Each structure stands twice: as structure tokens, then as C-alpha cells.
Amino acid sequence: MPIWLINADTIMKTILFIEDESALQKTFGEVLKQEGYEMISALDGEIGLRLAEAKKPDLILLDLILPKIHGFDVLKKLKQAEGTKHISVIVLTNLEGMRDVDMALELGATTYLVKAQYSLEEVVEKIKKAIGD
Amino acid sequence: MKINFIFPSFLFINKNSRLMKFKEILSQLNIAGQCRKYGLPLWQCPQFLFLVMGIFIIVSTLIIYAVGNRYIEDPEIVALTVILIAATLFIIATVITNSFERLAEANRMKSEFVSVVSHQLRSPLSNLKWVVEFLMSGRVKEVSKKQMEYFKILKENTGRMTELVADLLIVSRIEQKKFPLKKEGFIMADLVGEMIKGKEIFARASNVEIKFENKDDLTEIFGDSFQLKLVVENFLDNAIRYIKGKGTVKVRLRKQKKSIYFEVEDSGVGIPQEDQKYIFQRFFRSANVMRHQTEGSGLGLYIAKSIIEKSGGKIGFNSQENKGSTFWFTIPIKS
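Heads up: the protein sequence lines correspond to chains G and D, in order.
The first sequence lines up with residues 1 to 133 when you count with the numbering used here.
The second sequence lines up with residues 1001 to 1335 when you count with the numbering used here.
Bear in mind the hints are in silico, worked out from the structure with no lab data behind them.
There could be a bad hint or two in this list.
Label-pair ranges, simulated between beta-carbon atoms [claimed, not checked]:
1. D/Glu1321 <-> G/Gly132: 51 to 59 angstroms
2. D/Leu1218 <-> G/Ser22: 35 to 43 angstroms
3. G/Gly83 <-> D/Lys1183: 41 to 49 angstroms
This one's a predicted model, so the numbers in the text were calculated from it and none came from an experiment.
Ideal placement from N, C-alpha and C gives every residue a C-beta, glycine not left out.
Can you build the whole structure from these sequences, using the hints too?
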């Protein structure tokens, strides 16, 4: 099909999930696929940054405690780079200190979600809201 | 014959109680046993070192007396003896101080250990929670009624573990003094109303009705709303949890001179008289409560007390077994 015939609405929105827990990658991958999104997985901060730059996802879900590059540094670099600074970032973590929340929002995160406080469906709702669906 | 029988038994009881007292004194003197309790070798154990120092002080005083008497004409020898004894005392005192430091360090490490372990437990727990929710949602495969029953058990228990880990983290933060108050203005009545609303489903499921008698007209408090929420939630949870069958929880809020008074009254199982003095201790759970309800970490009221006292308020309760309990706290309006 020629590119100009594809309706913009039918293009799947992509979500990059930077998270070192493969159990969560698997679960979210399945849920987001069912919700009509394409999910790209990154198991550490370094791959996360590279994929963000290369794939330009519509939304990034970011854990904070990550191998290789810490989530805060990933966030800082994402917000500094021309190509990725406009992408919404949802921080999804187990850290719940006020200092962490303030820091993440200061660095430009759209939302900060503490894993223990949200159900799976609530997280999906937040994702939909952030991506504009 | 009869007298003969009673007499020795009376003697025996007396002997027994004397024996008990003697044992008590001995156990207090049993320094080796007390040191074992700390897991310390004798030469690092403060109790043992104190004993050594005490004996040394007595003996050295006698020696100085004897030396002083004998060499009264030779002050250098007396001075040298005194210096030697003082130096020895100084060394023993240093060792004691070090051993106390080691105990304090062990305590700090314990709190840190709890904190690290709790943090490590959170990730697998949230994975577990979301995977169970995913299975229950029917997104993977249609769930049969029987399967759902078991999924619910899984979800409930994961929730309990999550709560316990959260409580442990708060306790370790309190003990490491890393739980500072963050003060801001908020309206207590709103906070309580919001918490009650959040508990409605739990209350209805437990056949409990919550009544809110609000006699406070929107007084603004200056305090840590996040931490106060923990206390209010703990009072509400306990009140609902420990009601057997149908019951009512009355929540009251009123303004006093310089503080806000909050109480939660329940018609629950109550706390036995003998357990009441332990109720704010860590990990304490009343025996009658354990019979009715296995849930609960025994940390909630300890956390509540720390928060209220740090906020400059008071906390307390009245309770009668099988009739119910009323837990209350006050919080200064401007603290």
C-alpha cells in the first residue's frame, strides 16, 4: 500500500518500556498489545536510550533502578536530546521517597507511578491518558 | 499424720519460692548468659567489662592504700603506682566504649538490613501482583469460577505481603530517623472524609457501617498529611477488621482549644486488660485478636504512635474485651 493511503489513526503507537524485570516486560507486552500498542522492550538504561533515539516511541515507561545507566540519568539524557525531548515519560518504580518524586518531575517526567500503589488496569489507564488516547 | 503431710509440703513451697528468687538473682548475675544474648564474646561485652573494672577499682584502691602506707617517704613510687592504675582503668574504659559502639552499630545495621531486604522484596511482589491481576482480568484466557477463587487467594496474600513490607520500611525509617515530617496546611475533616470513602468497600464487605460525626468546621492543620493518613487508615482498618459479624464504627472529629481531637470507636473484640500495656509495641498482637483475625503485622499502632508523638500530639485508647475499643489522637492545630 502506498504510504499516503495509510490513515494516520491506523498506525500503531509505540511504547518503549525500559525495565529490567523480564516478568513485567512480558506481562505489559501482552497487555499493551491487546490495547493496540506496539511495545519495545529495553532491559537496561543503555539499550533504553539507544532504542529511544532510534525508534522515537510515542511514550516511554521508565523504571529507575536499572542496570548500566540509572533511570534518572536516562531521563536527563532523554530530555536533553533534540530527538527525544518531546516524548512523554512515565516513571514506573518502587522508589517512593518524596525526593525521588520531586527529582523525576523536575527532570521532566510526565507522571510518577509507584508500582505498589497501582493496579495493572490503573497503569494502563495512565498510559492511555499520557499517550492521548 | 495429716499435720505431718501438710508440714513438709508447706516447707517445700517455701523452699521453692526461695529457690525461684535465688534463681532470679543468679540470672541477673549471669553475665556470661547476658553476653550470649547479645552474641558477643566476654572481652567485648559491656556487662562483663564493667564487672572487671569494678573489681579492678576495689583491688587497686587497696593496693594504693598499701603502697602509700609502706612507701610514705618515697612519693615517686606512690605516684608511679597511681599512674599505672589510672592507665589500666583508661584502657578498660576505652574497651567498654568500643563495645558499646559495636552494639550501636549492630542496631543500625539491623535497621539498614530490614530496609534493604524490604526494598528487595518490593520488586518481586509488584511483579506478582500485576501478573495475578493480568490472569484475573481474563485477558489471557477466560477464567472459571473455581480458578477465580484461587486467584483471589493469591491476590489477597500478595496484598498482605505488600502491606507488611511497606510497614517494615516505615519502621526501619523511623528507627533510622529517616522519616521526617513534611509540614503543609490541610483540612483534617477532608482527609478523614477521604479515608473513610476509601474504606467503604472493605467496610461493606465486612458488614460494618461507618458513621462520621464531624464537629470540626474545616480547621486547617499544619502538619504532614501523608503520615497522618497512615494513622487514620490504621485506626479505620483495625476498627473494621476486629468487628465480629455485623457492627458499627463511629468516627468523631472535633476541635479542642489548640488541637484537633480524632477518635474511632468500634464494637469489636476489644483488647484484654493484660494486653493493653503492650498495644503500642512493635510486632505485638493481642491473643484474642489472633484468634479472630490472622492478618496484621503488629506494626500499625507502633507507627501511629511514632507519627503522632513526633507531630506533637497525644495518642491513646480505651478498650474492654468483647465490647469494643476507642482509639484517639490529638494533633496540634499549629505545630
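Item checked: Violations among the numbered hints, reported as their numbers in ascending order -> Hint 2 contradicted; others consistent.
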